[in-house]
Every structure is written in structure tokens, then in C-alpha cells.
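Number of protein chains: 2
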Amino acid sequence: MERPERYEIRFGGSGGQGIITAARILAEAISEHGGKYVCQSQSYGPEARGGASKADIVFSDEPIDYPKATKPDLLLAMNQTACDTYFSDLKPDGLLVVDSGLVDQVPTRRAVGIPFTDLARKETGKELVANMVALGALTHLINAVSPKNVEKTLMAKVPKGTEELNRKAFRAGYKAAKDVNVSALTGKEARAYDDELV
Amino acid sequence: MERPERYEIRFGGSGGQGIITAARILAEAISEHGGKYVCQSQSYGPEARGGASKADIVFSDEPIDYPKATKPDLLLAMNQTACDTYFSDLKPDGLLVVDSGLVDQVPTRRAVGIPFTDLARKETGKELVANMVALGALTHLINAVSPKNVEKTLMAKVPKGTEELNRKAFRAGYKAAKDVNVSALTGKEARAYDDELV
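Read top to bottom, the protein sequences are chains A and B. The letter at position 114 of the first sequence is residue 113 when you use numbering that gives the first Met the number 0, and the numbering goes up by one with no holes. The letter at position 80 of the second sequence is residue 79 when you use numbering that gives the first Met the number 0, and the numbering goes up by one with no holes.
Source of the hints: derived by calculation from the structure; they are not laboratory data. Do not take every clue at face value.
[What the hints assert, rightly or not] From the structure, some residues in chain B lie toward chain A, with a derived Cβ separation under 7 Å: (1) Y6; (2) S30; (3) C38; (4) Q39; (5) S40; (6) Q41; (7) Y85; (8) L127; (9) P158.
Glycine included, each C-beta is placed from N, C-alpha and C at the ideal position.
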């Protein structure tokens, strides 16, 4: 796998969209099943007020000195504000992933738009699990750990009784990302785990 | 309040003790209600395998450059391994807080021992909420945000239907810490919020 040694992901959205939970699950899955060193962090402060929410993951084959994402390889923007705020941090060849139902103005063609919130409502009846739809999509796009293993971590973390709801949302997101022609965007090959959840 | 500009907390325990959840709730409460800049992070890697779990909080009146705890002001050790592993990182005048039912060998007299897990079982019937008992105790000991406000954040974060269980656990921990003569350990004055939850 041609992966840079350090890979940074930023999640941005509004409070209540559950992005910290999604980041935590992905971080644990990458650590446990992807064999990487992983740091997951969130910063709160005046800039994060007004209901804004962000979370970072950094993973690497080597121990991580600085745990914040400074130049994300991937930015997930769950709303327009997050896209506007963090896009300038993205690496020049980084990938922008947006909730296309909530982000109208996408500042680059190098972007994947998936209607996470609409999909959550359509597939499960609950917009609340848009974060899990996004988690599914990121699992595909990042390609550092198999979806089965992320799902395993997910199932162990969600409240009892919500497993099926979360699984459905996760799979919907994974599938939606698979249907995007990412290699045209990234120049990378098809994904190793593409058929695992089919 | 004579608080050093940067205050670091490390949570250590085993996977399943819920310390990352406790750290996340405390971080959000300190940010939202304590008016501080807060970073909350967890690192995963080979050293954290075998079911070990840790989480850091750093808070400050000023923006935080480096989000990991390097010299914690307070170490919460939920088991002996965490105590043994992280004690040497603690600041010379830092405070060690241990689950006294699970940590037999305490390497300093400058320590607060509270049987978090036993209390959780006794007060709620569920050892699972030992993390919330510890959160209550830390809320008292750190004294950066009122227990009512931590409880508010807590109530908004826990799964529906578990509010009462978590509230009970949190209050049991807060009360247990109040009964400890911390000023003898720390030389600091009585706590501003001492009577709030009585």
C-alpha cells in the first residue's frame, strides 16, 4: 500500500452530528485492526463555539509525536462552515469529502460529495446516524482497515439496541463511497476490501 | 483560583472501564462551562495493547499548542498497571487518584484512594459506571467547573434510559471525593462548589 508514513484526517461539522464519536470509532479500528499507531484528539475553545465541532485522527506506522492534524490528507466536512473553515488546511493533494446535501459550495473539483444526512434518513429513518454513514464512506476512502473490522469496533461501541440501525447506516455509507470513482480523483488503484461487505 | 496556566490530566485503566468516555465528558464540560481551551486526546499503539486504555485532557486559559499530557497534574489510575506505568510522568506536586479497590501498591502518600468500582456496584448495582464515579471524584478534585455543569454535559451524552444510573454514579464519586481531606494533600483551600450537589 502506497501510504504516506503519517496520515491525517480532520472531521468537521456541528455539535450533535456525532463526528467525535465517528472519529473515535475509526481511530480504535485503525489501531486495533490496522496495526498502526493512532492519535485521536479534539480541541475545544472559543473557535469551536456556536455549535461547531471537530475531531482529528493521525495514524502512522511509527509512534506519533504531534497528535493534531496540521495538514489533513482527508477532510470530512459535514456542513458548509466546516468546509469553509478547514479547507485551507487540506494538503494540496488531499481529499475533501462533503455531505453534499448540506455543503453547496465546494471549493475544489478534487472532492467526493455524498449526501450522508439524506442517506441516513432514507436508509434508516434517522438523520442521527449520518455520522455512521460518513464513517462507512471514510472507511472505504481511507482504505487502512477492512470494513468488517470497523463494523466490529462499531458494534462494540454503540448503545445496546441500536446495533442494527448503526450497521445499516455504516453499510450505506460504505456502499455510497464505493460507487464514487475515487481513482479518477486520487489516481490510486481500486480498494483492497471492495467486495468484503457485498 | 490559583491554577497553573496549563493543567494536565491523564486517565489510565483497562479497556472496558470507560475512561475515554469519562475524559471526553469532562473535557466538554470544562470547555463549555469552565471557559477554558481544552484538548482531549487518546493515543493507541503497541504500548496500549493488551487491553490497556488511556486518555489525556489538557486545559488552559490560552490556546493549547501541544495537546498531550507530558507532566500530568493529576493521574487517575483505575488499575495497578496504569498506576505503575504512568506514575513516573506525574508532576512532583501532582495528585495521584486511584481506584483503591484495584490498586494495592500506591507509590506515594500524596494520593487519593477511592474504591470507584466498589462504589459503582454498591450505589447502582453496575460496575460498568465506575468511570462515572471517577468522573464525579475528579470533578471535585480538579475544581475547574461546577458539578452541576458536568452533570448537565453527562446527561446530554449518555444513552437514553441510563441517565439515572449515570447520575447516581457521578454523585457518589463527587461525594466520596468531598469526604477526602484533599487540602491536607494539596495545601489548597476548600472547594468553591462543595455544597452545590448536597
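> Which hint numbers does the structure go against, in order from smallest to largest?
Replying inline: Hints 1, 7, 8 are the ones this structure does not satisfy, whereas the remaining hints hold.
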